[in-house]
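Undergrad: All chains, please: the whole structure from these sequences, using the hints.
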Amino acid sequence: MTTASKRNYIWIFIFAIFLAVYGMILGDYHSAFSGLKDVLGNTALLITDYIYVAGPAPAFMNAALVTVSTGLLLYWNDFEVDSTAYFMVGLMAGFAFFGKNILNMWVIVLGTFIFSRFNKTPLKSHLLPSLMAAAIGPIVNNIIFREGAVTPQRYVLACAVGVGIGLLLPFVSDNVGKILPNYTLYKTGFTLGITALVVVSILKSYGIVFEPVSLWGNEYHFALTMLTLFLCIAFIVFGSVLHGWKDYRKLLREPGTPPNDFVDTHGHGAVLINVGFVGLVSLAYILLIRGQVNGATLGGIFTVMGFGGKGKTPKNITPIFIGVAIAGLTSTWNLAGPGPQLAALFGTCLAPMAGAYGVIPGIITGFFHASIVMNAGAGYSGANLYNNGFSSGISVIALQPVFAKLCRERFYVDPDEKSKSDLEKLAEEEQRLMELVKEEEEGPI
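Numbering-wise, the working numbering puts 466 at position 443 of the sequence shown, and it's gapless, one number per residue.
Read the hints as simulated data drawn from the structure, not as lab findings. Mixed in with the good hints there might be a few duds.
[Said to hold, decoys possible] As a list, the in silico DSS-like pairs of lysine-lysine whose alpha-carbon atoms are at most 27 Å apart:
id: 1; residue 1: LYS147; residue 2: LYS201
id: 2; residue 1: LYS147; residue 2: LYS29
id: 3; residue 1: LYS428; residue 2: LYS201
TA: Here is the structure:
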């Protein structure tokens, strides 16, 4: 890890402190830690808005603790502060407002740690999928806190299942990733959807009930809107201070398909500006459809912002939003309902489809994805927080081959390199003509 990256980790921890402090200002600061029992002590199934369940102070404290845990794990395993760190922090902090918590994430990471030791490979090789696997952490919570008395046996079974998921995930992830094209940014979500389907089906067979919930609040809509607006503007300002505007114009040309490490290709300044703008576009969508900014949608916006360093831009997420909106306006479900709002925010994982094939294919993708995601999660009963990731895999498998046949795929071309290439060609042509003229003047020997 470079010295600069070590210094940059301080910003991850400052962000975590900011979340904790904001939660204590917004809610009752006395409950910041005592209220964590309400965050941890429920099934955490989709959709469990921790701000609605426990209040702002405990919910933000959980997000802060998950963010600190993520930052420490990345730091201890020598990850650079690049696009991977951006999306990982945004993803973990976002989902810590609905479903992920410091209980279910660590049990799964423990399983992956055991796998790495048994397999004699560094934890770094499997850490990212392991952190993302906390998306099926509600399985752990549900085993313990489902209806009925909480017993020591439930804790033992939950830990065993959580560790087992962490142990098996590297095998499943490596194989499933090979069959899915790189046109969804949430490939791990597809893997976790399959894993959750298997695990939940087995547990149901032995009488463990999974009841999807809809704990959805709107009490703090204005305060959370202002928070999101402040963070987006702050990221844009920081990016401007780092002189990111020139590179940002290049970044907007990116289709979002791999390789999509925007920090590596365009720098931190451009990425921070992009993070701010994708957040503003996401917030604008929620406000335009008269949705609610609560724990769940704030988590969705944070996730979009995290991927502002790895695949998402205002240009390639907007067609997805439009497609979901058209589906909502023409179907039987309410566009401003909980499911459709999350379908739009997390459906932006399909941004590479719009970036690679164009606006119209992007809109079509968003339209189809909205209907798929509203029905795809029935098999695992809300136990996979990355329901959109699983559904996006289905959308890509169904639509990408069609677009590949009908549309010309777009790739990123650096405008400066293109101009340089054109000038080199002109210089070569001029040199060739001069040599021809010289040969004519000299005549035959």
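Undergrad: Compare the structure with each hint and give your call.
TA: Comparing the hints with the structure gives:
1. LYS147 with LYS201: Distance ~20 Å between LYS147 and LYS201 Cα, so the pair holds.
2. LYS147 with LYS29: holds (16 Å)
3. LYS428 with LYS201: holds (21 Å)
Of the numbered hints stated above, none is contradicted by the structure.
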